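So the sequences go chain by chain: B and G. In this text, residue positions in the first sequence follow the numbering used here: the first is 1, and each later residue adds one. In this text, residue positions in the second sequence follow the numbering used here: the first is 1001, and each later residue adds one.
One should not assume that every hint holds.
Stated by the list, open to error - Short derived list, chain B residues pointing at chain G, Cβ under 7 angstroms:
1) Val40
2) Met47
3) Gly48
4) Phe51
5) Glu128
6) Tyr137
7) Val138
8) Gly154
9) Gly159
No wet-lab data here; the hints were simulated from the structure. Remember, predicted model here, so these are calculated numbers, not experimental data. Every residue gets a Cβ at the ideal spot worked out from N, C-alpha and C, and that includes glycine.
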Amino acid sequence: MMEVLFYIAATVALLSTGLALTRANAAHALIYLIVSLLAVAVLFFLMGAPFAAALEIVIYAGAIMVLFVFVIMMLNVGQHGIAQEQEWLRGRNWIVPGILAGLLLLELLLALRHAPATTAGLTVSPKEVGLALFGPYVLAVEIASMLLLAGLIGAYHLGRRFIVRRENKR
Amino acid sequence: MGGLQIPMEHVLALAGLLFSCGLMGLMLRRNIIFMLMSLEVMLNASALAFVAAGAKWNQADGQIIFLLILSVAAAEVAVGLGLVLQIQRRFKTLDIDQARRLRG
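Input sequences plus hints: build the corresponding full structure.
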């Protein structure tokens, strides 16, 4: 039963990734990419990694995709913005991602009905992950924190110049 | 009982297919936003392989590597989108071939 759910989620992931990378419009591609990330989150959950599944949704499909949305919306401000918005609100643009996401929701409901809904024998709980993360892997946490600090400074430097120039132009 | 009930090869094949989707996107598209999306897909596929391996042996290590990949993706996308804004401002296009001269 759970194996079938796994293969359906895998198909959804492949399909939406392929569709995402062949779209001409960046906003349409983003919707497919979010569906693909949700499908991978379902795969993580079915493989007995609920913590990774939650993080995949919160950070990948949430934070990182919101950054993409911000940038695409910033680049799209122009005269033709309203016509483009109306174009995006038409059904055919979101009906396929909607169907794929609905399929994932159906899988979630099916998985919730069967209590140990994993294809793995045992789930690796968030507690185990945390104990290992701040035990033997504490050096990796420090390195990740330095990497994030470098990314923060780099993004601030690049974005600050953009904002200052925009203000001068006005 | 422990380990995955689905064959490990299937999960690895899925991760490989997702990775090659991302690689094809990276090589075929010239729009820098799509190239960043392809990078996200590739990172995500490798994370899938790590989590599958962690699930096979019931260890937390796979999910920890997933966390590290997540932080790498976050840092990469922050800097990458800053570069997208700079390229758009400087060249008035998102075509990466226009930004080929490598000078400030």
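Here is what the structure says about each hint:
1. Val40: holds (6 angstroms)
2. Met47: holds (4 angstroms)
3. Gly48: holds (5 angstroms)
4. Phe51: For phenylalanine 51 of chain B, the interface hint holds, since the closest Cβ of chain G sits about 6 angstroms away, which is under 7 angstroms.
5. Glu128: With a minimum Cβ separation of about 4 angstroms from chain G (threshold 7 angstroms), the hint on glutamate 128 of chain B holds.
6. Tyr137: It holds, given that the least Cβ distance between tyrosine 137 of chain B and chain G is near 5 angstroms, below 7 angstroms.
7. Val138: Where the cut-off is 7 angstroms and the nearest Cβ of chain G is about 11 angstroms from valine 138 of chain B, the hint is violated.
8. Gly154: Nearest chain G Cβ about 4 angstroms off; hint holds.
9. Gly159: The hint holds - glycine 159 of chain B has a Cβ within 7 angstroms of chain G, the shortest such distance being about 5 angstroms.
Of the numbered hints stated above, the single one contradicted by the structure is hint 7.
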